Amino acid sequence: MQTLTQTLAQTPTLSGGFTEAPQQSARAFRAVMNVMARPGMIETLDLALPPAPLSVAAGTLALTLLDHNTPVYLAGKWDCAAVRDWLTFHTSAPFATAEEADFAFGDWDALQPVSAYRIGTPEYPDRSATLVVEMTALSNTGAILTGPGIKDSAQLSLPDVAAARANTALFPLGYDLFLCAGDQLAALPRSTKVRTV
Amino acid sequence: MSDRTALNGDPKQAARKAWMSLLAKAPEAQVLALWGERPAPDHQMLRTPELGSTMVRGRIGATGNAFNLGEMTITRCSVQLSDGPIGHAYVQGRSKEKARIAALVDAMMQTDAAESIHAEILTPLAEARASAKAVRAAKAAATKVDFFTMARGED
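These protein sequence lines are chains F and W, in that order.
Just so we're aligned: 98 in numbering that gives the first Met the number 0 is position 99 of the first sequence, and the numbers increase by one with no gaps anywhere.
Just so we're aligned: 59 in numbering that gives the first Met the number 0 is position 60 of the second sequence, and the numbers increase by one with no gaps anywhere.
Excised from the complex, chain F in its bound form (with noise of 0.2 Å):
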């Protein structure tokens, strides 16, 4: 038995999940709705406590939209055991490299080259991947937004406006991008026209 407890009784961090799960995920999910139907808006999400470097917008992000048929990919440094074990125990989401993913997590920089991941087809534009980018601050301030659920326009801190210009020049096709930066969300969905000052 002794040796059974200390085999056992690694302790990997798998807290931090939803405590009420029904609830929290349908107001994570009411929050992930609004920031991509309005690109621009920033909410807060801060439902769960995932492991470093994993933050807690995207970490929340995770627990409301992955489940066993989202393949996911790690990039970089987020490809560690404590984030895998994390998201396995509370999602079972299946890892998958760049090609293959629906979410991708990492920050700008890790997460090229983003001609990796999928941008659908004319036929099925949905089979495209959603990539949930790290950043260290989010503001509105930067590159002007315009188009779908924009009123006149809006500002967003973007990772890379020339990389977001050609993603929109590949609409219907094309990836989406969500922005986390501690527990702040945004998101950049293919249909936003993206111009500079």
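Source of the hints: derived by calculation from the structure; they are not laboratory data.
Here the structure is a predicted model, which means the values were calculated and not measured.
Glycine included, each C-beta is placed from N, C-alpha and C at the ideal position.
One should not assume that every hint holds.
As the list claims (entries may be wrong) - Beta-carbon label-pair distances, calculated as ranges:
id	chain 1	residue 1	chain 2	residue 2	range
1	W	Met-54	F	Ala-36	34 to 40 Å
2	F	Pro-112	W	Gly-69	44 to 50 Å
3	W	Gly-69	F	Pro-147	44 to 50 Å
Put chain W on the given structure of chain F with help from the hints.
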């Protein structure tokens, strides 16, 4: 698949599998009664008890292909004791309390409390299961019909 094979061959995993299986199938009333008023050790909920259903697959006579027998309700729960061990439970039925206790038992079986838990909860459960099985087998045996054939005189 190789992972699974490796786990099956590991005696510690086999022991854990056995007690998790015992808890999963035990009747709720029995588990609650055996746990009694025992104070739970310091723990946090990794996954609060939640209900779901799973497809039970079967194979008749261990030959042929597996088939879907039907769906059953299960409740799952995971806890972590404050000193580290994690306990998981996937139990049949919709009793959240039973799932919580089963997860706690699984976690405590990985601590120094293992022996007393084994003696006070798992052994009685195993005995109850064995006697229930024996009663059922005896009832079935009473209805057994022995077919025998007289010499048919084919020679």
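To see whether the hints hold, each was checked on the structure:
1. The hinted window of 34 to 40 Å between Met-54/W and Ala-36/F holds, with their beta carbons roughly 36 Å apart.
2. A hinted range of 44 to 50 Å holds for the C-beta pair Pro-112/F and Gly-69/W, which are about 48 Å apart.
3. At roughly 46 Å, the beta carbons of Gly-69/W and Pro-147/F sit within the given window of 44 to 50 Å.
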